[in-house]
Every structure is written in C-alpha cells, then in structure tokens.
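Q: Please work from the sequences and hints to get the whole structure.
So the sequence lines, in the order shown, correspond to chains X and R. Per the numbering used here, the first sequence starts with residue 1, numbered consecutively. Per the numbering used here, the second sequence starts with residue 1, numbered consecutively.
None of these hints come from the bench; they were simulated from the model. Wrong hints could be hidden among the right ones.
[Unchecked claim] Pairs of lysine-lysine, BS3-like flavour, derived with a Cα cap of 27 angstroms:
1) R:K252 <-> X:K19
2) X:K140 <-> R:K252
3) X:K209 <-> R:K252
4) X:K120 <-> X:K140
5) X:K19 <-> R:K246
6) R:K84 <-> X:K71
7) R:K84 <-> X:K128
8) X:K117 <-> X:K140
9) X:K127 <-> R:K84
10) R:K246 <-> X:K108
11) R:K246 <-> X:K71
12) R:K84 <-> X:K140
13) X:K117 <-> X:K127
14) R:K252 <-> X:K108
15) R:K84 <-> X:K19
16) R:K84 <-> X:K131
17) X:K71 <-> X:K108
18) X:K120 <-> X:K110
19) X:K108 <-> R:K84
20) R:K252 <-> R:K166
21) X:K71 <-> R:K252
22) X:K127 <-> X:K171
[What the hints assert, rightly or not] Chain X is faced by these chain R residues, among others (derived, beta-carbon under 10 angstroms):
23) A5
24) R7
25) L92
26) G248
Predicted model only: the values in this text are computed from it and were never measured. Cβ atoms here follow ideal geometry from the backbone N, Cα and C, with glycine treated the same way.
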Amino acid sequence: MTPIISVANLSKTYGSGFKALNGINLEIRRGEIFALLGPNGAGKTTLISIICGIANPSEGRVTVDGHDINKDYRAARSMIGLVPQELHTDAFESVWATVSFSRGLFGKRKNPAHIEKVLKDLSLWDKKDAKIVTLSGGMKRRVMIAKALSHEPQILFLDEPTAGVDVELRKGMWEVVRTLQASGVTIILTTHYIEEAEEMADRIGVINKGEIILVEDKAGLMQKLGKKHLTLHLQSRIDAIPDSLAAYRLELSDDGRSVTYDYDTRGERTGITSLLGDLRAAGIRISDLDTSQSSLEDIFVSLVRAS
Amino acid sequence: MNFRAVRAIYLFEMARTWRTLLQSIVSPVVSTSLYFVVFGAAIGSRIAEIEGVSYGTFIVPGLVMLSVLTQSIANASFGIYFPKFVGTIYELLSAPVSYFEIVLGYVGAAATKSIILGLIILATAALFVPLPIMHPWWMLTFLVLTAVTFSLFGFIIGIWADGFEKLQMIPLLVVTPLTFLGGSFYSVNMLPSGWRTITLLNPVVYLISGFRWSFYEIADVSVGLSIGVTLGFLAICMVMVWWIFKTGYRLKS
Chain X
1 MTPIISVANL SKTYGSGFKA LNGINLEIRR GEIFALLGPN GAGKTTLISI
51 ICGIANPSEG RVTVDGHDIN KDYRAARSMI GLVPQELHTD AFESVWATVS
101 FSRGLFGKRK NPAHIEKVLK DLSLWDKKDA KIVTLSGGMK RRVMIAKALS
151 HEPQILFLDE PTAGVDVELR KGMWEVVRTL QASGVTIILT THYIEEAEEM
201 ADRIGVINKG EIILVEDKAG LMQKLGKKHL TLHLQSRIDA IPDSLAAYRL
251 ELSDDGRSVT YDYDTRGERT GITSLLGDLR AAGIRISDLD TSQSSLEDIF
301 VSLVRAS
Chain R
1 MNFRAVRAIY LFEMARTWRT LLQSIVSPVV STSLYFVVFG AAIGSRIAEI
51 EGVSYGTFIV PGLVMLSVLT QSIANASFGI YFPKFVGTIY ELLSAPVSYF
101 EIVLGYVGAA ATKSIILGLI ILATAALFVP LPIMHPWWML TFLVLTAVTF
151 SLFGFIIGIW ADGFEKLQMI PLLVVTPLTF LGGSFYSVNM LPSGWRTITL
201 LNPVVYLISG FRWSFYEIAD VSVGLSIGVT LGFLAICMVM VWWIFKTGYR
251 LKS
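A: Put into structure tokens, the structure is as follows:
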C-alpha cells in the first residue's frame, strides 16, 4: 500500500541559522495512528508545520496522497485537518460560526448536519451559540479539533492534543480519535504523554535534534527494546544477597523479602533458568514471582539519551 | 478557484463589521457630521464660494475621501493583523486557498465596508448642504477604486506591522497629513505657486480632485491624471502584495 504521507530528505533551517530539521525521511501509512515523540525543541511542530503549509521547507520534498505540497497544494491541504499546539481561537465568534467558517475556508459545501455531528461528538453541542471567549481551555481545545474536522479531512494532525486537558476529557478525546481511525482517518499525533502514545499509537516515531532516530511498530518497539523485570518473592527474609549470586546483579528490596532481576528479551538467553537453579543451591526458596516490562517512557528516555 | 473560501473570509470579515457597528459605521458618521457643523455652518458661512460652489458643499467630496481612505486602511490592516496577533492565521495558511483568494476576501470586505460608509456619509452630508452629483457613475468609480486601492494598502500595513503601534503609525503619520494637505478643505489653486507644486507630489490630491470633479465638474488637476495616479498606486500595491505572498514575508518562516 502506498503511504499517505511521504517525507523525503526534508531539512529546515530558520533565518537565524538554527537547523530545526535535518534530512527527515518518514512515511505515514494509510489509516494508522502515528505518534511522534520527542523532547521540547526536537522539531515535531516544525515538521507538522511544513507538511501543513505553514512553514516553508529549506530542502526536501513532501507528498500527501501523491500530491506535492507545493505544486499541488490545494489537493494536498484539503485532505489535512490541523489542530495546533497553541490555543489559537477567535474570541467573539460563536462556536457554530467559527467551525462553519473552517468548512467554507476548505472549500466544502455547507453541511449543517456534519457540523452538528462533529460538535456532538466533541460534547460541544450545548455550547454551539456561546462566544469562544467564554469557554474553558479544554473546550477551546475541542473547538479547534471541531474546526479541523469540519471539512472531513482524511488526515488529522494533533499537535499535543491533550496538553492541559484533564484526565476524563483526555479519555474522551482518545475515544474520538479511535472513532475517527475506525472511519478511515489517518492520525498523526505528537505528545509529551508517553502513556498517550502507548495507549493510542500503532506506530511510533522518535525525533530528537531534528532527526528521526527511530520508527517502529509500537508492539515491536516495546518487545525489541523492552527490558523485563522479574520479581521473586521469598519465603523468608534475607539480609544480603549471597556472593554466589553476585553475577545476576539482583536488587534486594528494603524489607528483604523480594529480589528483582532485570533481563533483556532480545538476548539469546535470559538467564532465568540458571538464576532459579543458583537460588535453590543457595537455599533461598521462592513463594511467588511476577514479571513486568519497561514502559515506553523508559525506552524513550534511553533512546533520547543515547542520540 | 476556491469561491467558498473567498465567501467564508468575506462573510467572516463583514460579520466583524456588524459586531462592531458603533465603531465601524456610527463613529465616522458622527465625526463627519461635526466637520459639517464646524466648517460648513459655523465657519463656512463666513467663507466665500469656491469656483461657484458654497464652502459647505465644496468640502463634501474631501470629507468622504478622508473617511474612505482612513477606514479602508484601518479595516483591512486590522482584518489581517488580528489573525496574526492571536495566531488564527495558521488556519488560513494551512487551507487550500491561493493568495489571490485570501486578498480577495479580506480586501473585498474592507472595501465594501468603506464604500458603504462613504455612501452613508454622502447621505448625511445631503442633510446639511445641497449636493449635486454631475457624474454619478464616475463618482462611484472613484469611490470604489479608492476603497479598493487603500484597502490593499491597509492589507500591506497589516502584514508588515508586528505590533499595534506600527498598525497606527502609517495611518496617523502619513495618511492623515496627506489627506488634510490633499485639498479636502481647500482648492489647491488657492495655494501660492511654490506650495502648489509641492502639493502636486501628494497622491491624495489626485483622488480628491477627481472625486470632486464627479460632483461639481471643478478640479485641481485633469480627471485623466486623477484616474491615472489612482490606478498607478493600485498597481504598486498589487505588486507589493504579490511580493509579500511570493516570499512569505512576515507570514511564513
């Protein structure tokens, strides 16, 4: 299947000489939820701005469903809905007017039924006649999403969609995003909340210092890079880890009743079998065990540190 | 051509006018009425006729131009500056609209507004003084041409301005003086010859002269020259707007 967005060799140097993007190559698959992770100033917003036509690239080429974003900007842009990071809204317009305006701006025929559906999906229907200035921050964020969805885009960019949004509302937004994906919309989101990417994304890209350092399926990424922890609960308390087990670098809990062993699923051997044998030899008996996997956050932090 | 986008921008801008009716329509009408009371009735009665026209009547075209010029610039500059200021410009830049369509929407709305305003002021003036219009079509042509040209000029100022101070600077420091010295309240022929020559460098002279000619057939300069200078200024503004969008000046990084 051809990618819906294709970014080739994209670089961006600002007038100040700051190189925000450096030779980015990226393909977004049709219908996926792609999470772009990166620390502040990594180039996430710059990348989105270029694809959406807000900033000019210095080098490279971007196509959206085969349309070059410069030569064929109308076709490219009419497919894209953008929800920027900052809350940019008109103040004195009504919710209904501003969302309808967006639809017109994107050249779509009036369709009050669609606008109504969008507002209802985002729990904004009872605010449709309210002036935007009277809305809370979370509502304004949803108004911006409604504007982006007003023209029925096939691609939706969400730049930090849940920044400053409370937990309940965040869950609600995830629901909206999943519904959109089910209807065939491709979604690209940037986020600081790793749990958001972990919860939502099909694939994850990590960007740092203007370069894409990794693109992977989420599941594959977590399996590939994920360290696992084996926690062994002991039948009786021990004061120290016997010298015969030093090679396993076990960590003893404060109460002396459990030890934790870190192992790598990528390795040929995990070392678990021999650990259990050596424990037994040392006379330590086990009452229970559990394993846990490192979160995406741990993976992310180690990747960014390494790059 | 994305007509729906042009329409959306145009209606959005016009909606802003109706929301700020007091500021955009009522206040210019009130201030123009004050000019009539002061210059037309109070002082004007002591001033001799100019080229066969009473002073109160003579100043009408100049006063209309004064309002149309300043309001065109104010409307158009604010219209495009405000989205830049609050950040909503992102939507305009990411929409499938050409630069021409953006300009058409914003400048069209600003010009419409000042044309309506000009006509209201004319109607107000007709309540105070006799107001013959010898060439109504030419009158409308000058009105529309001036409104469009200066809305375009205002659009340029709105793009260029990166603060509210700059937004005010050009209208206050350049346009208002040029309009006052451009023959709104007097005939350029009344000036000593040295000053007259200097005054002819002021483009607003040609606008007011041509506009006044369409009312009373009296003019400081020939009508053809008036049209020519106006079209020339329009062309300069168009080139500047074309350059702004071509380079993304103050719009795109």
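Q: Compare the structure with each hint and give your call.
A: Results of checking the hints against the structure:
no.: 1; hint: R:K252 <-> X:K19; in the structure: holds, 16 angstroms
no.: 2; hint: X:K140 <-> R:K252; in the structure: holds, 25 angstroms
no.: 3; hint: X:K209 <-> R:K252; in the structure: holds, 22 angstroms
no.: 4; hint: X:K120 <-> X:K140; in the structure: holds, 15 angstroms
no.: 5; hint: X:K19 <-> R:K246; in the structure: holds, 23 angstroms
no.: 6; hint: R:K84 <-> X:K71; in the structure: holds, 25 angstroms
no.: 7; hint: R:K84 <-> X:K128; in the structure: holds, 25 angstroms
no.: 8; hint: X:K117 <-> X:K140; in the structure: holds, 17 angstroms
no.: 9; hint: X:K127 <-> R:K84; in the structure: holds, 26 angstroms
no.: 10; hint: R:K246 <-> X:K108; in the structure: holds, 26 angstroms
no.: 11; hint: R:K246 <-> X:K71; in the structure: holds, 14 angstroms
no.: 12; hint: R:K84 <-> X:K140; in the structure: holds, 18 angstroms
no.: 13; hint: X:K117 <-> X:K127; in the structure: holds, 13 angstroms
no.: 14; hint: R:K252 <-> X:K108; in the structure: holds, 25 angstroms
no.: 15; hint: R:K84 <-> X:K19; in the structure: holds, 24 angstroms
no.: 16; hint: R:K84 <-> X:K131; in the structure: holds, 20 angstroms
no.: 17; hint: X:K71 <-> X:K108; in the structure: holds, 21 angstroms
no.: 18; hint: X:K120 <-> X:K110; in the structure: holds, 17 angstroms
no.: 19; hint: X:K108 <-> R:K84; in the structure: holds, 24 angstroms
no.: 20; hint: R:K252 <-> R:K166; in the structure: holds, 20 angstroms
no.: 21; hint: X:K71 <-> R:K252; in the structure: holds, 17 angstroms
no.: 22; hint: X:K127 <-> X:K171; in the structure: holds, 20 angstroms
no.: 23; hint: A5; in the structure: holds, 5 angstroms
no.: 24; hint: R7; in the structure: holds, 6 angstroms
no.: 25; hint: L92; in the structure: holds, 7 angstroms
no.: 26; hint: G248; in the structure: holds, 6 angstroms
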